[in-house]
Structures are given as structure tokens and as C-alpha cells.
Amino acid sequence: MSRDYQKEIEAEFLKAYDDLADTLFRHAYFKVGDREKAKDLIQETFMKIWTIFSSGEKIKNVKAYSFKILNNMIIDYYRKKKETSLEVLSEDGFDVPDDSHEVSIVEAEINVLRKAVWQLESQFREVLTMRYITGLSPKEIAEAIGETENNVSVRINRGIKKLKENLQI
Amino acid sequence: MKKDDFDFYIADMIKALSLKKEEKIDIRHRLKDFAQKNPVTRNTSTKIVSPYHGFSFYFTRYVSVFVLILLVSGGGVSVVAQKSLPGDSLYLVKTRFNEEVRGLVIFNPELKTLFEVEKAQERLMEARSLSQLGKLNPELKKEIFESFKNYERKVDQGLIELARSGKLKEAIDINDKVTDSLDDGGDIISELIKNEDKEKHNISDLSRSKSKTTDSEDNPNESDISPVMFSASSISEESADSTSVMMVASLPFSVAEPNDDVFNEVRSNIDNIVSLMAIKEKEGLSENDLKKVKEAIIKAESLFASGLEKYHEGDYAEYAVLLSKANRNVQKANILLVSYSSEKVKSDSE
Chain A
1 MSRDYQKEIE AEFLKAYDDL ADTLFRHAYF KVGDREKAKD LIQETFMKIW TIFSSGEKIK
61 NVKAYSFKIL NNMIIDYYRK KKETSLEVLS EDGFDVPDDS HEVSIVEAEI NVLRKAVWQL
121 ESQFREVLTM RYITGLSPKE IAEAIGETEN NVSVRINRGI KKLKENLQI
Chain B
1001 MKKDDFDFYI ADMIKALSLK KEEKIDIRHR LKDFAQKNPV TRNTSTKIVS PYHGFSFYFT
1061 RYVSVFVLIL LVSGGGVSVV AQKSLPGDSL YLVKTRFNEE VRGLVIFNPE LKTLFEVEKA
1121 QERLMEARSL SQLGKLNPEL KKEIFESFKN YERKVDQGLI ELARSGKLKE AIDINDKVTD
1181 SLDDGGDIIS ELIKNEDKEK HNISDLSRSK SKTTDSEDNP NESDISPVMF SASSISEESA
1241 DSTSVMMVAS LPFSVAEPND DVFNEVRSNI DNIVSLMAIK EKEGLSENDL KKVKEAIIKA
1301 ESLFASGLEK YHEGDYAEYA VLLSKANRNV QKANILLVSY SSEKVKSDSE
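Heads up: the protein sequence lines correspond to chains A and B, in order. First residue of the first sequence: 1, per the numbering used here; consecutive thereafter. First residue of the second sequence: 1001, per the numbering used here; consecutive thereafter.
Honestly, I wouldn't trust all of these hints.
As the list claims (entries may be wrong) - Just so you have them, the derived chain A footprint on chain B, three or more residues with Cβ under 8 Å:
no., stretch
1, 1034–1040
2, 1098–1104
Unchecked claim - Keeping only pairs whose Cα atoms sit at most 25 Å apart, straight-line, the calculated DSS-like set for lysine-lysine is:
no., chain 1, residue 1, chain 2, residue 2
3, B, Lys1299, A, Lys7
4, A, Lys7, B, Lys1291
5, A, Lys37, B, Lys1021
6, B, Lys1142, A, Lys7
7, B, Lys1032, A, Lys58
8, A, Lys63, B, Lys1032
9, A, Lys139, A, Lys63
10, A, Lys115, B, Lys1020
11, A, Lys139, A, Lys164
12, B, Lys1032, A, Lys7
13, B, Lys1112, B, Lys1149
14, B, Lys1154, A, Lys60
15, B, Lys1024, A, Lys63
16, A, Lys60, B, Lys1299
17, A, Lys15, B, Lys1020
18, B, Lys1021, A, Lys7
19, B, Lys1037, A, Lys58
20, A, Lys7, B, Lys1037
21, A, Lys60, B, Lys1149
22, B, Lys1310, A, Lys58
23, B, Lys1299, A, Lys58
24, B, Lys1149, A, Lys58
25, A, Lys63, B, Lys1299
26, A, Lys15, B, Lys1299
27, B, Lys1142, A, Lys58
28, B, Lys1020, A, Lys68
29, B, Lys1154, A, Lys58
30, A, Lys60, B, Lys1021
31, A, Lys15, A, Lys60
Said to hold, decoys possible - Label-pair distances were calculated between CB atoms; the ranges are:
no., chain 1, residue 1, chain 2, residue 2, range
32, B, Gly1087, A, Ile145, 52 to 58 Å
33, B, Ser1018, A, Val112, 14 to 20 Å
34, A, Asp18, B, Pro1109, 41 to 47 Å
35, A, Ser55, B, Glu1022, 28 to 34 Å
36, B, Lys1020, A, Ile145, 28 to 34 Å
37, B, Leu1133, A, Lys60, 43 to 49 Å
38, A, Arg79, B, Val1105, 49 to 55 Å
39, A, Asp19, B, Val1101, 43 to 49 Å
40, A, Arg79, B, Gly1134, 45 to 51 Å
Bear in mind the hints are in silico, worked out from the structure with no lab data behind them. Using N, Cα and C, we set each Cβ at its ideal position, and we do this for glycine too.
All chains, please: the whole structure from these sequences, using the hints.
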């Protein structure tokens, strides 16, 4: 195995980390509500991605794949905690924020938002999370969930309306 | 608040939530370290050499000599080569001529996939013969294992194509044959994997260096185990027997359409082996010995995730194959565990 090739793959892998770390962190944090756990989850996610990179297999869409791995790890995390049913989790569930930790102002705000999003119906929760946390465009969301772009836009609008009601804004 | 304002409000809030610079660098260093300790195993960027390169080389330059030999010996070289082993002078004739020529005349996708299974089995047989002769050195182990994995990949591709073309039953039968091969060649596979194991560094170093989370504090005995394995503690010892792992190894192909039950079964299969591993760790097997098992489980988890992705995309054929691969990986992990346990019992009794 040439050292140059190792370096080349390593550089590609680390670039993927640089590009995706923050987005994945937000996604993980928004779902587990724990900074340290979110960091662990993204580290484990990238370890798994390296396992694929190092085996020579090609990942067509690293971003989509990393989100998929991360989501599975989040489901594992909840399975372990056994605080929420698997049915709820598979519908894109969230952990109820734990206010006992000392958190920053941003994290406190996010936790308020998480609580409000948690109260939404799953169809709205799903598209809003994909839109604002994952950063997907309505078109990408439509492709991901098999709906038309128009339907997705309508859902986002309605979801925001309900979210504002929940947040009393 | 207007919708646009609300959009900005949420977007700004979300954007403000990010990793601190030092956190990002810290994780990056750990990942870089991990990547260097677990180097790339296959170079896909090197020039892709045609599998028929050697054949065509001989064919174009030495065709007359070759034909002469064949005429004189009546094909004897080819027959003798069939019994050769890696390292023998005629081995190239076996792999580059006999097998390639046979492959050239097989057009049926099912038979082609079966032929790859046969070649994978042959590599295991060769490894066993060499081992019995005391000639199975690390270089040959590496060469044979790479070759075996290559055939396994081709088999998986063949299975996907078969399943896609509606020949699910044929795919099930072939998958069963692969499972049987792994079962029969368990001893030699564990030897080959352990050889590869020596060339890599222990991934658990990274797990140990990770910051401790609340979870690890709750489960101090599991703090060195990857989070993938945490569910082990909830599984009973009885459920972790090797037979149950073997029995469900071909499960994904036993149903025409996937459903959540299939996921749960495969998931449970992965959990079982993880559980067994946790038990073995408590029995005193060194973490170094279990490193490869952990890697197999991580790989199985990745394949499981890929299967999940395909399932959601509606690509059931690929889903079935990926889950099957995940199970086979778990099966390999089980083979290793059994092997390590036997060695431990042997060394204890000595």
C-alpha cells in the first residue's frame, strides 16, 4: 500500500470531517441535547466512515451516508437509554432536554426550540429538522422523503406556523 | 414575527451552535490518529490491471511455446497446475489460466457467482493445505486472504444482480453456500484474520482516550468498549450462543420483502455477538485479541446502516445483500471468538 495513497485518502476523509463536523454536531446535539454525547457521536460516525474509506469502498454521497450512520447511532443511544419507545424514535424522535446541566445561552435557546419542535406532529418535525438543522433545501427534502417539492414547502410553512405558536412568538 | 424573520431567527440560533475550535481540532487529531493506526487496506487508485493481463501477456508473447507444451503434455500442465498451491511455480497457471479460462466460458449469472464461491472455497482449501505442510507464512496468508475477500466481494455483487433480476431463491441458495464455506473454513479464516490483525494497530487506544461520558460513568466496565457495543449488557448469556448466530446468518434472504422484523433479527444477531464478546472480555481475554472482533462488528454495523439506507430507498435486493454481508461479518466475528476462547482454554490447561 503506497504511503501517498494513504495520505490521499486521509486528506479526503479529513476534508469530509472539516466540511461536515459542525452540521453533524448540530444535528446530534439537537437530537440528544448533550454536548459531550453529541461530540462522541460524531467522532464514532467518522470512525465508521473511515472504516469504509480504508477498505477501498467508495461512498457516493458522504454527507447523506454520514447522516444515516449518525441517525442509527442516535437510535442506538436511545435504545440504550430505554427512556423512549423505539416506535417514537424511528419517527425521528428527540430526547427531552435535561436542564440539570450547566449550558450556554445558545444551548439554552436551542433547548427551548427543541422542546417546541418536540411538540410538533412528526410530519412537521421531520421537514423542519431537515430544513433548519440538517440544512437541506426543500428540493433535497422532497427527494429524501419521496414527496413533491410543493408538498414539502407547504409542510415547512405550516410547521413554522405551529412552531411559532408553540414558542408563543 | 414574519416568516422570513423567523427563518433568520432559527437559522442564526442553529448556526450559533457549533463545535468550539479546540473541540473540533481535538476530534480531528483523534480521527487522524485513528486513520493512521488503521491504514488503508486496498489501493483503488493504482492502475487497474485487467485480470486477463497476465493471460494476454503469455498469450501474445509465448503463444507458440504454450501451445507446444499443451500439445506435448496433452494439457498435463494445466491438470498438474490445478493441484498447485500459492508459492508453487505452476500456481499462476492455475489462477491466471485455468480459472480465468473457465470463467470466460461461463455466461449464466448464477453459475458465474457460484464460480466465485468455488474460487473462494479453493483459496481456503489452499490455505489449509499450506498450513498442514507448515508453509503458510505471513506473506502467503495475506495474499490468500486478500484473494478470498476479493472473491467474496464478487459474490456479493453477483447476489445483488441475481436478486435484482428476480432470482431471489437462487441468491438464497448461493448465500447459504457462502455461509457454509465460512463455517467449514472457520479455523483457517481465523488464522488469516489474525495474521491481518498483526499488521494493524489497536483501535481501542482511541476509545480509551475519549472523554468519558455519563454513559461510561454509569457502566465503568464498558468504558473501553465502542458505543456500538453498549447494548451488550442487556443481552443474556444464553442468547449469545454461537448456534443462534449461525442459524440466523442467512436470514435476510429468507423473506421476499424486508420488514422491521428482519431488521430486529439482524440487529439482535449483532447484539448477540457483541454480548458474547462482552462475556469473553469478562472471562479474561485480552482486549488486543478482541480488537479484530470489534472491527468486524463495526463493519457489520456500517453494512447494517447501508442496508437501512437501501431499505428506505426501496432497493430491497441491495438491502438483503447488505444485511446478509453484515451477518456474515458477525459470523466471522463469532469464528474468531470461538478461536480465541479455544486458545485461552488450551493455554490455561497448559
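Here is how each hint holds up against the structure:
{"no.": "1", "hint": "1034–1040", "in the structure": "holds (count 6)"}
{"no.": "2", "hint": "1098–1104", "in the structure": "violated (count 0)"}
{"no.": "3", "hint": "B:Lys1299 - A:Lys7", "in the structure": "22 Å, holds"}
{"no.": "4", "hint": "A:Lys7 - B:Lys1291", "in the structure": "24 Å, holds"}
{"no.": "5", "hint": "A:Lys37 - B:Lys1021", "in the structure": "17 Å, holds"}
{"no.": "6", "hint": "B:Lys1142 - A:Lys7", "in the structure": "22 Å, holds"}
{"no.": "7", "hint": "B:Lys1032 - A:Lys58", "in the structure": "19 Å, holds"}
{"no.": "8", "hint": "A:Lys63 - B:Lys1032", "in the structure": "19 Å, holds"}
{"no.": "9", "hint": "A:Lys139 - A:Lys63", "in the structure": "16 Å, holds"}
{"no.": "10", "hint": "A:Lys115 - B:Lys1020", "in the structure": "24 Å, holds"}
{"no.": "11", "hint": "A:Lys139 - A:Lys164", "in the structure": "23 Å, holds"}
{"no.": "12", "hint": "B:Lys1032 - A:Lys7", "in the structure": "10 Å, holds"}
{"no.": "13", "hint": "B:Lys1112 - B:Lys1149", "in the structure": "17 Å, holds"}
{"no.": "14", "hint": "B:Lys1154 - A:Lys60", "in the structure": "19 Å, holds"}
{"no.": "15", "hint": "B:Lys1024 - A:Lys63", "in the structure": "18 Å, holds"}
{"no.": "16", "hint": "A:Lys60 - B:Lys1299", "in the structure": "18 Å, holds"}
{"no.": "17", "hint": "A:Lys15 - B:Lys1020", "in the structure": "18 Å, holds"}
{"no.": "18", "hint": "B:Lys1021 - A:Lys7", "in the structure": "24 Å, holds"}
{"no.": "19", "hint": "B:Lys1037 - A:Lys58", "in the structure": "20 Å, holds"}
{"no.": "20", "hint": "A:Lys7 - B:Lys1037", "in the structure": "13 Å, holds"}
{"no.": "21", "hint": "A:Lys60 - B:Lys1149", "in the structure": "22 Å, holds"}
{"no.": "22", "hint": "B:Lys1310 - A:Lys58", "in the structure": "15 Å, holds"}
{"no.": "23", "hint": "B:Lys1299 - A:Lys58", "in the structure": "14 Å, holds"}
{"no.": "24", "hint": "B:Lys1149 - A:Lys58", "in the structure": "16 Å, holds"}
{"no.": "25", "hint": "A:Lys63 - B:Lys1299", "in the structure": "19 Å, holds"}
{"no.": "26", "hint": "A:Lys15 - B:Lys1299", "in the structure": "22 Å, holds"}
{"no.": "27", "hint": "B:Lys1142 - A:Lys58", "in the structure": "23 Å, holds"}
{"no.": "28", "hint": "B:Lys1020 - A:Lys68", "in the structure": "24 Å, holds"}
{"no.": "29", "hint": "B:Lys1154 - A:Lys58", "in the structure": "15 Å, holds"}
{"no.": "30", "hint": "A:Lys60 - B:Lys1021", "in the structure": "29 Å, violated"}
{"no.": "31", "hint": "A:Lys15 - A:Lys60", "in the structure": "15 Å, holds"}
{"no.": "32", "hint": "B:Gly1087 - A:Ile145: 52 to 58 Å", "in the structure": "55 Å, holds"}
{"no.": "33", "hint": "B:Ser1018 - A:Val112: 14 to 20 Å", "in the structure": "18 Å, holds"}
{"no.": "34", "hint": "A:Asp18 - B:Pro1109: 41 to 47 Å", "in the structure": "42 Å, holds"}
{"no.": "35", "hint": "A:Ser55 - B:Glu1022: 28 to 34 Å", "in the structure": "31 Å, holds"}
{"no.": "36", "hint": "B:Lys1020 - A:Ile145: 28 to 34 Å", "in the structure": "33 Å, holds"}
{"no.": "37", "hint": "B:Leu1133 - A:Lys60: 43 to 49 Å", "in the structure": "44 Å, holds"}
{"no.": "38", "hint": "A:Arg79 - B:Val1105: 49 to 55 Å", "in the structure": "51 Å, holds"}
{"no.": "39", "hint": "A:Asp19 - B:Val1101: 43 to 49 Å", "in the structure": "48 Å, holds"}
{"no.": "40", "hint": "A:Arg79 - B:Gly1134: 45 to 51 Å", "in the structure": "48 Å, holds"}
The structure shown violates the earlier hints numbered 2, 30.
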